[in-house]
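Visitor: In case you want the letters, here they are:
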Amino acid sequence: MKVPYVEDKPTPGGFRTPSEDDLGRMIRDTVESWNPRRGPDWSDVLIRLANSGPPAWLLYTAASAALIVILIAAYLLGSALQIGALGPQPVPSNLH
Amino acid sequence: MTDERELDPATEFRQLYDQQYLSVFRSIRGVVLETAAAEDLTQETFVRAYRARHRYTPTAPPGAWLRRIGINLAISYLRRQKLARVLPARLYIAPDRREYDRAEARDVVTKALTTLSPKLRAAVVLHYYDGLTREEIASVLGVPPGTVASRIAKAVAIMRKSIGSDQDLGPERSSSEGALRGR
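Order-wise, the sequence lines are chains A and B.
If you count by the numbering used here, then the first sequence holds residues 1 to 96, one letter each, in order.
If you count by the numbering used here, then the second sequence holds residues 1001 to 1183, one letter each, in order.
If you're looking for bench data, these hints aren't it; they were derived computationally from the structure.
Here the structure is a predicted model, which is why all the values come from computation and not from measurement.
The beta-carbon is built from N, C-alpha and C at its ideal position, and this holds for glycine as well.
Residues on chain A that point at chain B, a partial pick, calculated with CB under 8 Å:
hint, residue
1, R28
2, P36
3, P40
4, V45
5, S52
Let the hints inform the model, and build the full structure from the sequences given.
Guide: What follows is the structure in C-alpha cells.
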C-alpha cells in the first residue's frame, strides 16, 4: 500500500517555514559569510582622523560665541560714538 | 564578543580596532546590506569612537559601545539615502546596485533581511549574530527592552514567512535552501 509522505517535524506557519532555531542558525551562518573586501586598514582610520576638521559642536559653539562678541562690541561702540539708533534722539516739540 | 578580553578604548584602541573590526563590519553590513557602504561606515565608526575614546564609560563592553556608534551611523546613512531619492534626479546619482542584486539577493536569508526595516534588521543581527541579550540590544539601540523583544518577534515572523514563501517557489530559486534541510 502506498503511504503518502508526511513531514515529521512541522513548524508553525507551514512545512517549509523554518523554526525559530533554524532561522537563528541561518542568520548566523549568513552573517558569518559576510567578509569585507579590504579588511582592517588602520592607516585609513589615521588619514580620516587627520583630514577631519574640528567636531561640529565645537564649530557651532565658537560661531555662537563670536556672534555674541560682535553684537556686544557693536552696541558698546554705537553707544560710545552715539551713532545710529544709540545716538541722541530728537524730541518732538509738541510733547512739551 | 564576551569571550574576548575587554580592551580599554582609551589606551588600547589600536588592538580594539583589530579585535572588533570584523564583527562591527558584519553588524553594520546587516543593517545597510551593502558591502562597500558597510566597509566605509565601519571605518567611520572607528574614527568617531577614537575621537570619543576618553569619554567611554565601562558600563557596557567596548564592543557594544562600538556597535551603538556603528548601528546609529548605518541608520543615518540609510536615512540620507532615502532622502537623496526624493531629490531631483540631476542632484542624486543612484548607486550601482547591479552587483548587489546579482551577488547578494540570491541568498535566501539576505532576501528575507531586505524585507525588514533597518531598525528590525539591527535587532535581528545584534540578537542572532552578536548574541546580545535584549537588555544589551536595548542599550545599543537606545530603546526599552520591551521594544527590542517586539522588534525581534516581528522580524522573525516576517523572515519566516518570507523564507517559507521563497522556498515554496521551488529549489532553483534559492541557493541556501539546503541549509534548512541539512540541519
